[in-house]
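Trainee: Listed here are the chains, written in short residue letters.
Protein chains: 2
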Amino acid sequence: AKPKVGYYISNKKSNRDIIEKLSAIKVSDIKSLPINVTESTSVYDAIVTLFLENVGTLFVVEDEALKGVISRKDLLKASMGGKDLNAIPVGIVMTRMPKIIYCLEEDSILEAAEKIIEHEIDCIPIITHLPNNKVKAIGRISKTNITNVLLEITK
Amino acid sequence: AKPKVGYYISNKKSNRDIIEKLSAIKVSDIKSLPINVTESTSVYDAIVTLFLENVGTLFVVEDEALKGVISRKDLLKASMGGKDLNAIPVGIVMTRMPKIIYCLEEDSILEAAEKIIEHEIDCIPIITHLPNNKVKAIGRISKTNITNVLLEITK
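Chains as they are written, first to last, in my numbering: chain A, 190 to 344; chain U, 190 to 344.
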């Protein structure tokens, strides 16, 4: 549901300060480390990795290149089928390149936040381009990172 | 991982404006509606509800009173056991009162954000007290709501 926001966007001058401040924070300033699995990792092992690493999203990587992204939601959907989770590789439930929403190191956190909201995802990879036309995930930015920023700028 | 934040908290004056602005936004201004199930709802049906309602957290309610909270993480954990998800009621996997972290309508979004980060949860109920010593969830506030605020204050 869309939040009611009208009343707190009245002070244009103060908003300009906030925009300036938030635009200056780059995703690379607040990024978390990527947690990677491979396409053949089972859904079961991916869920275990989520809990062990305490994250909500895993990246599927092969030879340094980002091949897919797998979220808690993807794993939950895979769990509904009643099949043996050890027998399902994440490769068949992940979101695959080129459908992955990503951002670049120099993007501001506002651009990342916009993508997260627009595409209804929890976390996006921060990538660099590899010479072979592939991309490498060098970090991730999530709603948790963004919630942290909101707290940090008020300290 | 803790974000690197040192460099953007230098301008104390501008921070005061931001704190003032964000402290004035109450959770009730940006809340989403609660999505409720009952203790006897199966884990399977709870997952279906998550997807249909497009939320990450459900509240478990009985006679208006909030009895528990169930997250994507709780449901994912329940799915790992290899049992029939139709046979497991959410009552045995939910976080139960009085262990639930909640906030009140008049709390600022900063207080909610702090609780979300401190307790590593995605979403907290906004409650009011019922006359019978129980509580009722009148809304929910999530990292999505907070990410939205960050975008809205820069518009």
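It cannot be assumed that every hint is accurate.
The list makes no distinction among identical chains, and a pair is therefore deemed to hold if it is satisfied within one copy or across any two copies.
What the hints assert, rightly or not - Simulated pairs of lysine-lysine, BS3-like, Cα-Cα distance not exceeding 25 Å:
no., residue 1, residue 2
1, K256, K288
2, K304, K262
3, K344, K272
4, K262, K272
5, K266, K323
6, K344, K215
7, K210, K344
Bear in mind the hints are in silico, worked out from the structure with no lab data behind them.
Trainee: Now tell me if each hint is right for this structure.
Mentor: Going down the list of hints, with the structure as the test:
Proximity of K256 to K288 under the C-alpha cut-off of 25 Å is restricted to the intra-copy arrangement: shortest distance 10 Å within a copy versus 40 Å between copies. For the identical chains of this complex, K304 and K262 are neighbours both inside a copy (17 Å) and across copies (23 Å), given an alpha-carbon limit of 25 Å. Proximity of K344 to K272 under the C-alpha cut-off of 25 Å is found in neither arrangement, the shortest distances being 48 Å within a copy and 46 Å between copies. For the identical chains of this complex, K262 and K272 are neighbours both inside a copy (17 Å) and across copies (19 Å), given an alpha-carbon limit of 25 Å.
In the homo-oligomer, the alpha carbons of K266 and K323 never lie at most 25 Å apart, since the shortest distance is 28 Å inside one protomer and 34 Å across protomers. For a Cα distance limit of 25 Å, the shortest separation of K344 from K215 qualifies both inside one copy, at 19 Å, and across copies, at 18 Å. Proximity of K210 to K344 under the C-alpha cut-off of 25 Å is found in both arrangements, the shortest distances being 14 Å within a copy and 13 Å between copies.
Violated hints, in rising order: 3 and 5; the structure is consistent with all others.
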